[in-house]
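Use these hints to put chain A onto chain P, whose structure you have.
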Amino acid sequence: VTRHDTIRALASAELDFELSATDRTEVTNHLADCSACRRFREGIGRDAENARQWPRWDAPRSLLAPAMVAATAPRSLFRDRLVLRPGSAFVVVLLILAALIGAALAVGAWRLLDRSLVLPTGDWIAYSSEGRLLLVRPDGMGRVDLATGRTNRMTEPVWSPDGQHLALIVDHDVAVLDADGRLAKLTNDDVREVDPAWSPDGAWLAFGTDLGTIEIVRAGGMDRRVLIDGSDGPLARWPSWSADGQVIAFLGSDRTDSPDGTRFTSLREVRVDGTLMGPGFYLQRGGARPSWRGDGRLVFDGCMCKGGPHSVVWSILESALVAAPPRSVSVNGLGPDGGDPPTTPAFDSITSWSLDAVGSWVGYRSPSWSPDGSRMAAIRAPSFELVVIAPDGTVRLVADAPFAVLATGGPASPAAAEAGGEVSSIAPPVWAPDGQRVAYQVNRGFAIADVDGGRAVVVHAELVDGLDWRPTQR
Amino acid sequence: VIVAVERVVAGVSPASIEAVFEDFQRDLFTYAVRLAPDRAAAEDAVQTAFLELVRANRAGRQPDNVRAWLYRVCGNELRGAARRRRVADRWRSLIGRRADIDPPEVAVLGRERRDDVEVVLASLPFNQRRAFLLSVDGFSGPEIARILGRSDAATRILLFRARSAIRLGVERMEADR
Chain P
3 VTRHDTIRAL
13 ASAELDFELS
23 ATDRTEVTNH
33 LADCSACRRF
43 REGIGRDAEN
53 ARQWPRWDAP
63 RSLLAPAMVA
73 ATAPRSLFRD
83 RLVLRPGSAF
93 VVVLLILAAL
103 IGAALAVGAW
113 RLLDRSLVLP
123 TGDWIAYSSE
133 GRLLLVRPDG
143 MGRVDLATGR
153 TNRMTEPVWS
163 PDGQHLALIV
173 DHDVAVLDAD
183 GRLAKLTNDD
193 VREVDPAWSP
203 DGAWLAFGTD
213 LGTIEIVRAG
223 GMDRRVLIDG
233 SDGPLARWPS
243 WSADGQVIAF
253 LGSDRTDSPD
263 GTRFTSLREV
273 RVDGTLMGPG
283 FYLQRGGARP
293 SWRGDGRLVF
303 DGCMCKGGPH
313 SVVWSILESA
323 LVAAPPRSVS
333 VNGLGPDGGD
343 PPTTPAFDSI
353 TSWSLDAVGS
363 WVGYRSPSWS
373 PDGSRMAAIR
383 APSFELVVIA
393 PDGTVRLVAD
403 APFAVLATGG
413 PASPAAAEAG
423 GEVSSIAPPV
433 WAPDGQRVAY
443 QVNRGFAIAD
453 VDGGRAVVVH
463 AELVDGLDWR
473 PTQR
Chain A
4 VIVAVERVVA
14 GVSPASIEAV
24 FEDFQRDLFT
34 YAVRLAPDRA
44 AAEDAVQTAF
54 LELVRANRAG
64 RQPDNVRAWL
74 YRVCGNELRG
84 AARRRRVADR
94 WRSLIGRRAD
104 IDPPEVAVLG
114 RERRDDVEVV
124 LASLPFNQRR
134 AFLLSVDGFS
144 GPEIARILGR
154 SDAATRILLF
164 RARSAIRLGV
174 ERMEADR
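Residue numbers (my numbering), protein chains in the order written: chain P, 3 to 476; chain A, 4 to 180.
Chain P on its own, in the form it takes in the complex:
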């Protein structure tokens, strides 16, 4: 490209575009000295002027006919344009949200009609395994997955006293599933709720939270009340209603009776009006859910650890309505081989009672009353045998740890118990309404044993995180 080409290009551009002052000056200076480029400049100007003088022609008027027809054609509504004025984007977003909400409601309505959630009548054990909610017959047959098609995580099912409803934890909220399959959340917050428990009349549910609160709420979802506000510490587990529905025992925190003034684990009781009863019953390591008997006797287990790191205390208190639970517990020594104590007291005749397995890690864990309160079932550490204790204190082995799953998974070791409280996490055995059978969790899964026949059947061999036997339906 020569300088002449550049100047001619600028000269051409000058006819159509605004040139910079520099370019204009450059063109002017060059044209003053270059006759060839000056001729080009004059030539293109002349050509353009010549072209402007060319004849022009009128378009035939008939060319307008299609446009006239189109302009007068009936208007289709769909050809009109939706004009989005300022702010319309916001309205459009609202409309989209409304559509999404409508779709969600439609899906929700469909869910309500999902008949797979309808609770069948009859004798069923409800349990949860890896977030699924299942029912199974006591003989292990007729398994029903109530969570089919649902993505919610469902755990800790508990039957209402009349056997018509299931309380459970759905995605960390307390919920109730009724016989018609309607699932209603009673709580809906960011707090993780745990351990739902029905009041004896089935009107209320108590539960704990990860904030260390103990709360109650009506089974219909109204009138939620905080009984323990969590200010004593983050521990508040296993609320358990007394038979008269006036007191809730739970495992909580206390500092009043601590040997060193620090917070410690204790069995505590609170009235349903929120009144905390007396100091706690000191436990250095937590136990399982307390179990009430109809006459107000409460059985629970925990570790007082006063005799050694694995000392286990297992106590029966008099009615929780006694202002101050007895502190002074009698200790029964064990045999030299660490086995069962030679005798156990008749629990109907005592106000407090404990077994202390000093240094041997032998103990009775997670006791629960039979429906008529005539005996207790418990798990005997360290081999997780199921035992039944008669009113006269006789301990009878029901199931000699026969669970295959336990054998493959291995029993909890003393070291594991010391490190993580594994012993404390043993769920209490669950009695059948007839008082003849007991369902109990094993290492992975659960089994059912005939209390008098001593026969145990493993019903479910997957991890189970909640288990309850349906009461006799009323």
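Keep in mind that the hints were calculated from the coordinates and are not lab data. All C-beta atoms, glycine included, are put in the ideal place defined by N, C-alpha and C. A portion of the hints provided could be inaccurate.
As the list claims (entries may be wrong) - Each pair of labels, with its calculated beta carbon distance range:
(1) A/143 - P/38: 22 to 30 angstroms
(2) A/58 - P/26: 42 to 50 angstroms
(3) P/58 - A/69: 17 to 25 angstroms
(4) P/38 - A/62: 28 to 36 angstroms
(5) P/51 - A/62: 37 to 45 angstroms
(6) A/178 - P/34: 22 to 30 angstroms
(7) A/160 - P/54: 17 to 25 angstroms
(8) A/62 - P/212: 57 to 65 angstroms
(9) P/100 - A/154: 41 to 49 angstroms
(10) A/62 - P/100: 21 to 29 angstroms
(11) A/69 - P/153: 55 to 63 angstroms
(12) A/85 - P/54: 36 to 44 angstroms
(13) P/54 - A/69: 30 to 38 angstroms
Relative to the frame of chain P, chain A by itself:
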């Protein structure tokens, strides 16, 4: 609710479209005739341009610059017609028979007397002809760029090549005489 169905068709009543036609038909048709391979193609392009103007208005797409818009649609229509014509010509050559088609300049100008610029212009590539004619019709450089869908720089080069080619052709014709 602010969303409204608004009829943005004011200006496409029969009277208004006639007014637009009166304003622009002469320049547009002349432009099309000089750009098209034959008069029929020019008429088709102009007819399409006014029809599309009505459709655009009824669809709510009111052009900001109606004149430039008409030139753009008309030019694009002719470019498409030129492509179709080239395809047709290839098929005609395959069957070994020339169609009865006038050379462009003859068809365009009919019995009109042509000057040298017109003769040379007819031999230029389509886009160079288009750019030159737009410039002759008084569109500014940026307007030409928008009508052609090109950048300003590319349009400057296109116009320079067109003018240079015309100048060269005209000088040769003058020298031959």
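These are the hints, each one checked on the structure:
Between residue 143 of chain A and residue 38 of chain P the beta carbons are some 28 angstroms apart, a value that agrees with the proposed interval 22 to 30 angstroms. Checking the proposed 42 to 50 angstroms range against residue 58 of chain A and residue 26 of chain P shows it holds: the Cβ atoms sit about 44 angstroms from each other. For the pair residue 58 of chain P and residue 69 of chain A, the beta carbons lie near 19 angstroms from each other, so the given range of 17 to 25 angstroms is met. Range check, residue 38 of chain P to residue 62 of chain A: about 53 angstroms between beta-carbon atoms, so the 28 to 36 angstroms window is missed.
Separation of residue 51 of chain P from residue 62 of chain A is about 40 angstroms and conforms to the stated range, judged on CB atoms against 37 to 45 angstroms. Distance hint check for residue 178 of chain A and residue 34 of chain P: the Cβ-Cβ separation is about 27 angstroms, which falls inside the suggested range of 22 to 30 angstroms. Hint check: residue 160 of chain A to residue 54 of chain P, Cβ distance near 23 angstroms, so the stated range 17 to 25 angstroms holds. Taken as a hint, the range 57 to 65 angstroms holds for the pair residue 62 of chain A and residue 212 of chain P, whose Cβ atoms sit roughly 60 angstroms apart.
At about 45 angstroms, the CB distance of residue 100 of chain P to residue 154 of chain A agrees with the hint of 41 to 49 angstroms. Separation of residue 62 of chain A from residue 100 of chain P is about 28 angstroms and conforms to the stated range, judged on CB atoms against 21 to 29 angstroms. Distance hint check: the CB atoms of residue 69 of chain A and residue 153 of chain P are about 58 angstroms apart, consistent with the given range 55 to 63 angstroms. Between residue 85 of chain A and residue 54 of chain P the CB atoms are about 25 angstroms apart, so this pair departs from the stated range of 36 to 44 angstroms.
About 22 angstroms separates the C-beta atoms of residue 54 of chain P and residue 69 of chain A, a value inconsistent with the hinted range of 30 to 38 angstroms.
Checked against the numbered hints given earlier, this structure breaks hints 4, 12, 13; the rest are met.
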